[in-house]
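> The primary structure of each chain is shown beneath.
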Amino acid sequence: EVRLVESGGGLVQPGGSLRLSCAASGFTFSNYLMGWVRQAPGKGLEWVANLNQDGSQKYYVDSVKGRFTISRDNAKNSLYLQMNSLRAEDTAVFYCARDRGYCSGGTCYPSYFDYWGQGTLVTVSS
Amino acid sequence: DIQMTQSPSSLSASVGDRVTITCRASQSISNYLNWYQQKPGKAPKLLIYAASSLQSGVPSRFSGSGSGTDFTLTISSLQPEDFATYYCQQSYSAPPHTFGQGTKLEIK
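Chain order of the listed sequences is A and B.
Each residue of the first sequence is one higher than the one before, counting from 1 in the working numbering.
Each residue of the second sequence is one higher than the one before, counting from 1 in the working numbering.
From the derived model, a few chain A residues whose C-beta atoms are all more than 10 Å from chain B:
(1) G9
(2) P14
(3) S25
(4) T69
(5) N74
(6) N77
(7) Q82
(8) R87
(9) S104
(10) G106
(11) V124
Derived DSS-like pairs: lysine-lysine, alpha-carbon spacing no greater than 25 Å straight-line:
(12) K43/A x K108/B
(13) K43/A x K39/B
(14) K43/A x K65/A
(15) K42/B x K104/B
Now the stretches of chain A that chain B is said to cover, found in silico as 3 or more residues with beta-carbon under 8 Å:
(16) 39 to 48
(17) 117 to 123
Simulated from the structure, these hints should not be mistaken for laboratory data.
Ideal placement from N, C-alpha and C gives every residue a C-beta, glycine not left out.
Construct the entire structure; sequences and hints are all you get.
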């Protein structure tokens, strides 16, 4: 059974940092692209970031570029999101998800998310 | 970035009804369109990928169609467990792979 479990959320002051983790099990983690999606309270889904199987190709939504860093440790079957310079508008539930994209000829093609974690809440407030 | 617009934003329907939700892309995305269902307090669940391919385990009353800029999600006969919020997402070209704003399906 595919399982994704996020952790690391919590309350942080504006300008602060937080590192989210996602523990994966039930599939060969190193074979898949992975991503993060967030959802502000009462709002819709926002695609945030993803990366390829070896972490060499990363993509970000403009609003987090330069502040967030996505990474992975295939030996630990884990995905991470380092979030710096946090703002009130970053307050959201963050989901990690498995991406069914692929890589070919050195280029990766992210696609849809077929499995999602339960989410972890990040609150940015003073 | 490609913008995705869903209509309607909310919809009231009854058990047994046939329901259609529309998603429009700001540019052609071929068939790179996915649909998700989300219930309150839960993670989204993949229903349809590549515009019309049904994800394993999803009931056949769900179907998707369209290509280019206009897409639809149809539920042929609403069941009580289908009342939820539905999101489309484009996965065309390089990210960000934007979502529509959502359609909330409520019980009439």
